Amino acid sequence: MANRFAVPSIPVAEAKRSLPTYLDRARDHLLQIVTRHQRDEVALVGLQDLRELLRDHKFQTDVAIQRGEATVTLPQFRIIGIGQNVEDATEDALAKLREYTLQYLERLEFYRHTDRRDLYPLVVRFLATPEDEQAELLLEPETVETEPAVA
Amino acid sequence: MKTPTPGDLLDFLRADGGWERTRGTKHGHYEKTFENGTVLSTHVSFGKKKIVSPNTFKLILATQLGVTEDEFWDTIRLRKSQRKAVVLAEANKDPLTLALRRELMRRLRYTDKQMVGMTGSQAKNLLKKFHERR
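Listed in order, the protein sequences are those of chains D and S. Adding 16 to a residue's 1-based position in the first sequence gives its number in our numbering. Adding 9 to a residue's 1-based position in the second sequence gives its number in our numbering.
FYI, nobody ran anything at the bench for these hints, they're computed from the structure. Only a predicted model underlies this, so the values are computations on that prediction, with no experimental measurement involved. By construction, the Cβ of each residue, glycine as well, lies at the ideal position given by its N, Cα and C atoms. Keep in mind that a hint or two might mislead.
What the hints assert, rightly or not - Chain S side only, calculated, beta carbon under 7 Å to chain D, not exhaustive:
| id | residue |
| --- | --- |
| 1 | 94 |
| 2 | 98 |
| 3 | 104 |
| 4 | 130 |
| 5 | 131 |
| 6 | 134 |
| 7 | 135 |
Claimed, not checked - Pair by pair, the computed Cβ-Cβ distance ranges are:
| id | chain 1 | residue 1 | chain 2 | residue 2 | range |
| --- | --- | --- | --- | --- | --- |
| 8 | D | 134 | S | 32 | 49 to 57 Å |
| 9 | D | 152 | S | 100 | 16 to 24 Å |
| 10 | S | 35 | D | 27 | 24 to 32 Å |
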């Protein structure tokens with residue numbers, strides 16, 4: 017069967033034999049497709065490339081501060097982090113988001129048929145980020161308006 | 010305004026019906042799915058708090074449960090769903106974000122106390138003025 021892709025298409029047996037070579041190529045930004053029985057097709061992409069692909073998928077946040085209580089809402093996920101202050105509320109929202117994203121992937125087939133299907137890129141972006149960097153995803157500016165223009 | 014405990018919230022979910030606890034979640038995550046594909050979700054956990062403020066209760070009603078305050082309490086009292094429709098609030102179009110809050114703290118030394126009730130555009134205006142002065 018002819019290769020259906022412009023990029024290398026590798027049978028799984030060959031991929032297993034020379035995995036380090038294909039990982040090196042993925043690290044060098046080469047997109048490769050691993051195939052099994054000419055039926056299953058899986059892309060082999062470097063993690064940094066995946067994160068780059070998803071970088072425009074931003075996490076919205078909505079902070080509400082009151083006396084003795086704060087909330088950090090993640091409106092796309094309808095998650096509300098609650099705490100005595102913003103730090104506590106952010107920690108609560110992050111913990112809930114971690115749980116949610118993991119179970120979202122487990123039940124992806126279900127969510128694909130719901131109003132939550134568009135959350136998939138955000139979920140993958142969150143899970144493809146090391147845990148100690150996930151909080152930074154909630155701090156990304158939505159636009160450049162908060163930063164001074166660079167001449 | 011009376012506000013619920015996590016126990017009240019759980020009572021509501023049981024009486025409203027159709028809510029299922031998601032497997033493997035420690036924070037008590039529940040979901041309810043409608044035939045049109047709408048998914049409601051909530052957490053029977055208020056972080057480290059036992060009770061939430063009226064504003065946060067309103068946020069839970071509008072963002073997660075899709076019922077009015079009266080429907081919420083009547084559902085618990087009558088042990089039967091009193092939901093007339095699913096009405097979820099649109100996301101706040103002008104929120105104070107975590108990024109804006111951090112910028113206000115870093116650049117203008119603002120405290121959370123000074124940001125009570127602040128909107129996103131108010132925060133952006135303050136930052137714009139700050140950058141113009143530099």
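Taking the hints in turn, this is what the structure says about them:
1. 94: violated, 16 Å
2. 98: violated, 9 Å
3. 104: holds, 4 Å
4. 130: Violated - the Cβ of residue 130(S) stays beyond 7 Å from chain D, reaching only about 10 Å at its closest.
5. 131: Nearest chain D Cβ about 13 Å off; hint violated.
6. 134: violated, 10 Å
7. 135: Violated, because the Cβ-Cβ distance from residue 135(S) to chain D comes to roughly 10 Å (cut-off 7 Å).
8. 134(D) with 32(S): 49 to 57 Å: With Cβ atoms ~23 Å apart, the hint is violated.
9. 152(D) with 100(S): 16 to 24 Å: holds, 21 Å
10. 35(S) with 27(D): 24 to 32 Å: violated, 42 Å
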